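Please take these sequences and the hints and turn them into a complete structure.
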Amino acid sequence: MPDLLNKPDLILDKLFSLKDQVAVVTGGSGVLGGAMARGLALAGARVVVLGRNEARAGAVVADISANGGESMAVVADVSDRSQLEIAKSAILNRWGQIDILVNSAGGNIPAATIAPDATFFEMPHAAFEQVVSLNLVGTLLPSQVFAQAMVERNHPHGCIVNISSMSAIRAISRVVGYSAAKAGIDNFTRWLAVELAQKYGAGLRVNAIAPGFFIGEQNRDLLLNTDGSLTVRGQKIIDHTPAGRFGEPDELLSTLIWLCSSGSSFVNGVVVPVDGGFSIYSGV
Numbered sequence: 015m016p017d018l019l020n021k022p023d024l025i026l027d028k029l030f031s032l033k034d035q036v037a038v039v040t041g042g043s044g045v046l047g048g049a050m051a052r053g054l055a056l057a058g059a060r061v062v063v064l065g066r067n068e069a070r071a072g073a074v075v076a077d078i079s080a081n082g083g084e085s086m087a088v089v090a091d092v093s094d095r096s097q098l099e100i101a102k103s104a105i106l107n108r109w110g111q112i113d114i115l116v117n118s119a120g121g122n123i124p125a126a127t128i129a130p131d132a133t134f135f136e137m138p139h140a141a142f143e144q145v146v147s148l149n150l151v152g153t154l155l156p157s158q159v160f161a162q163a164m165v166e167r168n169h170p171h172g173c174i175v176n177i178s179s180m181s182a183i184r185a186i187s188r189v190v191g192y193s194a195a196k197a198g199i200d201n202f203t204r205w206l207a208v209e210l211a212q213k214y215g216a217g218l219r220v221n222a223i224a225p226g227f228f229i230g231e232q233n234r235d236l237l238l239n240t241d242g243s244l245t246v247r248g249q250k251i252i253d254h255t256p257a258g259r260f261g262e263p264d265e266l267l268s269t270l271i272w273l274c275s276s277g278s279s280f281v282n283g284v285v286v287p288v289d290g291g292f293s294i295y296s297g298v
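In our numbering, the protein residues as written are 15 to 298.
Read the hints as simulated data drawn from the structure, not as lab findings. Remember, predicted model here, so these are calculated numbers, not experimental data. Just so it is clear, CB atoms sit at the ideal spot from N, CA and C, and this is done for glycine as well. One or more of the hints may lead you astray.
[Stated by the list, open to error] Restraint ranges, calculated between C-beta atoms of paired labels, are given here:
hint : residue 1 : residue 2 : range
1    : 257       : 110       : 40 to 50 Å
2    : 245       : 110       : 17 to 27 Å
3    : 103       : 208       : 23 to 33 Å
4    : 230       : 296       : 23 to 33 Å
In C-alpha cells:
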C-alpha cells in the first residue's frame, strides 16, 4: 500500500481492476443482474451471464461485446446442480478459471406473499418452500459448484458476492417467504466466509450486498402505478428512505467491483447495504 500511495495514478488499476478475471453472474439476464454483469465487464472481467432465458442472457452479452468486453451466455437453472456442473465445464473449457461468483438469481412468487385481504395462516407451505429454494438453495448450489473451481486451483483464490435484501434485516410486510430466504443468505454468507477462509486460505472471500429498493420486473406493479406515480406501498418506501428515491441499478456497481477486487482483500463475511439509508432510518 505505501508504494501505491506514492503513485496515485496506479491506485484504481491496482486496487479495483478485474482484468483477466472470470466472473459468473447468476440471474445475469435480470435488471440488477444484467447491470452487475455489464459493470464487471467494464472493470475488465470476462463475464459469464448465466440465466434460464437464452435470448435475454444473449442480449446482455451483446451489450457487453458492443462495449469492448468479453462475455458468454450460459443457460442453466440455479436450482439444478447437473445444469450448473455442465455450465462450469463450459466456462472452464473456454477460459480455464473462475475467479468471481455473483449470486444474483432469485426473486419472489405471489403465493408466498401475504395479500392485503389474506392472512399468514392461509399461505401454502409449498409456496414458502419454493421461494426459499429459489433464493437460498439457488445461492447454495452455485456456490458449491463454482467455488469448487476456485479452491482446486494451485493457489486457491476467488470471491463470492451474494445478493441479500432489506427484508433480511427489517420486517417488511407481506413478503414472508422472500424475507426468510434472504435472512438465510445473510447467515450463509457469514458461515461460508469462515468455512472457505479457514480451510483454503485468505484468498477465498464471501461477502454480500443488500440492495435497497430498485425498480425491477417483479416489484414494478407493487411500487408504481401505470402512469408512473407511486402506489401506497411505493410511497411508504420512499418516506422511509432518507435519499427520497429508488435506487438506480448502476449504483450497485462500485460496491460490487470493490468487493470483487483486491481493494477489499481484507474484507470478508460482510453484508453491505446500498439502500439510500433505508436500513438505518426509524421513520422518526
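To see whether the hints hold, each was checked on the structure:
Taking 40 to 50 Å as the suggested C-beta distance range, the pair residue 257 and residue 110 conforms, at roughly 42 Å. Distance hint check for residue 245 and residue 110: the Cβ-Cβ separation is about 48 Å, which falls outside the suggested range of 17 to 27 Å. About 29 Å separates the C-beta atoms of residue 103 and residue 208, a value consistent with the hinted range of 23 to 33 Å. Under the hint 23 to 33 Å, the C-beta atoms of residue 230 and residue 296, about 26 Å apart, fit the expected range.
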